[in-house]
Amino acid sequence: MTTAPSVTVLPGRGKASLRHRLAERGIDRSLALLAPGVLFMLLLFLYPFLYGLQLSFSPQHGGGALANYRTFFSDPYLRGSIGITLWLGIPAALFNVVVSVPIAYKMRGRFRGKRLLTTLLVVPITLGTVLTAEGLLEFLGQAGWLNKILVDLHLVSQPVRLVHNYWGVFFSLVITGFPFAFLLISSYLSGIDPSLERAAATLGAGWWHRFRHITLPLLSPGLAMTFCLSFVLAFSVFPSAQLVGDPSGATHVISIAAYHAAFEQYDYSMGSAISMIMAAIMLVIIGVVLFWRSRMYRGSTGGKG
Amino acid sequence: MAADALTGGHDQTGSRHRLIAKPGTWLVWGGVVLFFICLAGVIFSVAVDSFATRWFGSWWPQGLTTHWYSDAWSSFNLSQLMTVTGEVALVVVVVSVLIGVPASYVLARRQFPGKKLVMLLFLLPVLIPPITYGIPLATLLYKVHLAGRLSGVILANLVPSVPFVVLTMTPFIEQVDPKIEAAARMCGARTTSVFTRVLAPLLVPGVLAAGILVLVRTVGMFDLTFLTAGPSSQTLVVALYYSVFSAGIRAQQSIDSMAVIYTASMMVLLIIALRFVNPTQLVTRMKEEVAG
Amino acid sequence: MSDPRFSTLRFEGVTRRFGGQTALADLDLSIHAGEFIALLGASGCGKSTALNCLAGLLPLSGGSIWLDERRIDGLPPERRDIGMVFQNYALFPHMSVRRNVGFGLQMRKVPKKEAAHRVDEAIRLVQLEEHVAKFPAQLSGGQQQRVAIARAIVIRPPVVVMDEPLSNLDAKLRLEMRMEIRRLHQALGLTTVYVTHDQEEALSLADRLVVLRDGRVQQVGTPEDVYCQPANRYVAGFMGYRNLIELPVSRRDGERVTVGGGSIQLEGTARDDLPSGRAVAAIRPEDLVVSETGENRFDVVVEVVEYHGREQSVQGRLPSGEPVYFRTEARLAPGDRAPLAVAAGRVLIYPADGAGALAEAAA
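Residue numbers (the working numbering), protein chains in the order written: chain Y, 1 to 305; chain R, 306 to 597; chain B, 598 to 960.
Any given hint might turn out to be false.
[Said to hold, decoys possible] Only part of the chain Y face toward chain R is listed, based on derived beta-carbon distances under 8 Å:
(1) 34
(2) 127
(3) 133
(4) 148
(5) 236
(6) 262
[Stated by the list, open to error] In silico SDA-like links for lysine to any residue, alpha-carbon gap of 20 Å or less:
(7) Y/114 x R/577
(8) B/709 x Y/209
(9) R/420 x Y/35
(10) Y/114 x R/339
(11) Y/114 x Y/191
(12) R/420 x Y/29
(13) Y/148 x R/366
(14) B/731 x Y/213
(15) Y/114 x Y/102
(16) Y/114 x R/338
(17) R/421 x Y/42
(18) R/484 x R/506
(19) Y/114 x R/329
(20) B/706 x B/673
(21) R/420 x Y/30
(22) R/420 x Y/190
(23) R/448 x Y/58
(24) Y/114 x Y/99
(25) R/421 x Y/22
(26) R/420 x R/506
(27) R/421 x Y/102
(28) B/710 x B/726
(29) Y/114 x Y/42
(30) R/421 x Y/32
Note that these hints are calculated values from the structure, not bench results.
For each residue, glycine too, the CB sits at the ideal point set by N, CA and C.
With these hints in hand, go ahead and build the complete structure from the sequences.
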């Protein structure tokens, strides 16, 4: 019932000559194998997206096509959710990427226990945000183990407030995002030919220069990609922002705003509008990162040549 | 710092640059250990609490009991939740493999006009956070009265799963030598036999890996299920969210026991998954497509 | 031509083990400044291990490496000043040809003006002037190889090491680059250690050859020594003595030994202490002539004939069943009887058991 009807959308079944011509351009019956997948994506991804876009321009309470967007940007509480999202997502994604690089660099190559380590790192990814949130509430809570340790070590006099605020959500993003970034960067690193670093070493480059001139430039496309994907993860902050955060204040992220509009006020049009804004922000960030990447890559390759 | 990695790590004579490597090494391992301590703290807090009779403000609960588990089983209707979760995950795996594998075969083997556009169509759901397309999708599913039902949850979960299968399987099929298929044809195999006798056995490991990864991701998928599920079509993770969100209605320990059950089932899946796949695959395998 | 900066590079008992496996056992070798040394052997013989130990990419399990009185085996690769040409070239893909070549100078903080001058000179030496701005991916295999060589020599290292640099090139390019490497060596006089599995390459390039097998030195000598006087049957096999016929020793008179019995009797020169019993007679295919007369006459039955233009390459078989390879201008057909002869001076006799006593004649 879920498979798209396997209608062959391909032309060129009638006349043999036309079929031949199309086949030469790469169109023939085997493309029909692609049809269910493409139809499915069109129907359940692209169409809802366009439907949402159209819905966002027909506001429930009237006021012209742009009313929803006007409301969003004129309401400081709603507008502020963009800043909150970026203020959570960008530092968390940056932290995950920046911390992962030296660790992954150090751990490239083979050593005993590497598989165990990577396996352990996968655990938080599969736990997901909800379970992490529940655990953080207890571990970082006022009566949690971490605060007990800090108080007993006399590092703090009063238990530190780490949940139901910005930091709770940040920790949740690090716990789920760091392994993700680490594994990605490791796999990018393993794609760099180790003989390049050896060559640099025989040419007189110490470890810092090898990292700076060889590994880092070759890794930078991977880093940009990892940052983007970590940032996508940070957007899915919804459950942790609700549970370990302060959903109506410091962690009122844009996804909460969208959910609130669509499924609590039943203003689907507004909800769609906020979703579209979210998608736009996402695309802008990815665009900026990819632009920066292309600049940076050219900068380190072109040089004086 | 990388000196021993460069020389293969079996350093004997190079003790001099070993010493330089030390601070960096300590910092790196320190960071990793700290991370795992926090992770263990998070998991054990939940696990210990789920066995606690009373636990407030002390290092360790006053007593241990298992009665929260039986309590959770009945009060959360766990058997139904597990059934729903299993049904959703299995249907999503089967359907996404059935749709995704043929598509990735075409994408791996053929050049045709518009291929880039098709690739982009499969890539976008990975690059765009689910909550973003989830809200319009859920709105639409409510409109056609599919949301709130099992079929709606399955449809929504298929949206990221189908591209995931495609992006995992395309490189896998690419690395199968097309000459093998040609050779089979030269030996007299017809198209169907080429697929069933030659290609299918070669693809089994890839399909298995993709299927397991989809299974893990679907069981853990919160956003889309949350947006489309009704009371009778909730999966474990969504029910867990509701119980945490409305904390106070139920005992904390009862919620935690459910969390432990969820964690345990995820761990089982994970252990099975890691028998077949490399940990990095759980993250993604689409880097070439994106970077290219 | 010799390098003023040092006079000898010495390996003293250099040993490298991987786990329980000994990849290189007790290598002793002295290389004079300006010399071109080829390490020759089949894959897994330890030649690349020796090279990596020298370059500092592998730590030693034992022994030491000396540049005159300076011990260098404890130094990290970046402080050894050894230029290396890698088998896969290992060019930095994100740098232009110019930046690749200039990298070593940049690391040495050579002033920009001088660096630019030296880079230009190195690029001119390898004849890549038109390609300076290109990236490695835009170059052909041979051009990439030239960049790799330029990058290694621009730092003017006392020693250049090359790890099978021609093995990724096709046959025609390989010949061309071989000449190129020889020309560069003659022009610059850089001490070079060259690893290869191709005996022709080693013979044509090197001043001296080191033949390795299973991590042990088999023979060290000039190309002529090794080619004409292989130290043992293994080296002989490597040097083109394709016919290795095992026969009993029937008579010996100093260096002159006669082996054989029945249908074949061969007289030749003993190349090693020859215990009585079985021996191996080593003969090159091109030394066998089709003739009814002459020294060391015997007959074979022709089995396979390959056309090689002027000559034919023939596989025949002795009545005892052993194959014999030879080359001839005579037109033979499978099934023919071919009478063969070989000059006694061209037959080398080795002990039959394994490699026999190893040549300890290290330089």
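Outcome of the hint check:
1. 34: It holds, given that the least Cβ distance between residue 34 of chain Y and chain R is near 4 Å, below 8 Å.
2. 127: Constraint on residue 127 of chain Y satisfied, holds at 7 Å.
3. 133: 7 Å, holds
4. 148: 6 Å, holds
5. 236: 5 Å, holds
6. 262: 5 Å, holds
7. Y/114 x R/577: Given pair residue 114 of chain Y, residue 577 of chain R holds - Cα atoms ~19 Å apart, limit 20 Å.
8. B/709 x Y/209: Answer holds: residue 709 of chain B to residue 209 of chain Y is near 18 Å, not above 20 Å.
9. R/420 x Y/35: 12 Å, holds
10. Y/114 x R/339: Cα-Cα ~17 Å, so holds.
11. Y/114 x Y/191: 17 Å, holds
12. R/420 x Y/29: Distance of about 15 Å is within 20 Å: holds.
13. Y/148 x R/366: With Cα atoms ~14 Å apart, residue 148 of chain Y and residue 366 of chain R stay inside 20 Å; holds.
14. B/731 x Y/213: Roughly 18 Å separates the two Cα atoms, so the pair holds.
15. Y/114 x Y/102: 16 Å, holds
16. Y/114 x R/338: Distance ~14 Å between residue 114 of chain Y and residue 338 of chain R Cα, so the pair holds.
17. R/421 x Y/42: This hinted pair holds, its Cα atoms lying about 15 Å apart.
18. R/484 x R/506: At roughly 16 Å apart (the allowed maximum being 20 Å), residue 506 of chain R and residue 484 of chain R satisfy the hint.
19. Y/114 x R/329: This hinted pair holds, its Cα atoms lying about 18 Å apart.
20. B/706 x B/673: 18 Å, holds
21. R/420 x Y/30: Given pair residue 420 of chain R, residue 30 of chain Y holds - Cα atoms ~14 Å apart, limit 20 Å.
22. R/420 x Y/190: 29 Å, violated
23. R/448 x Y/58: 16 Å, holds
24. Y/114 x Y/99: 18 Å, holds
25. R/421 x Y/22: 18 Å, holds
26. R/420 x R/506: 27 Å, violated
27. R/421 x Y/102: 35 Å, violated
28. B/710 x B/726: This hinted pair holds, its Cα atoms lying about 18 Å apart.
29. Y/114 x Y/42: 42 Å, violated
30. R/421 x Y/32: 17 Å, holds
When each numbered hint is compared with the structure, violations occur for hints 22, 26, 27, 29.
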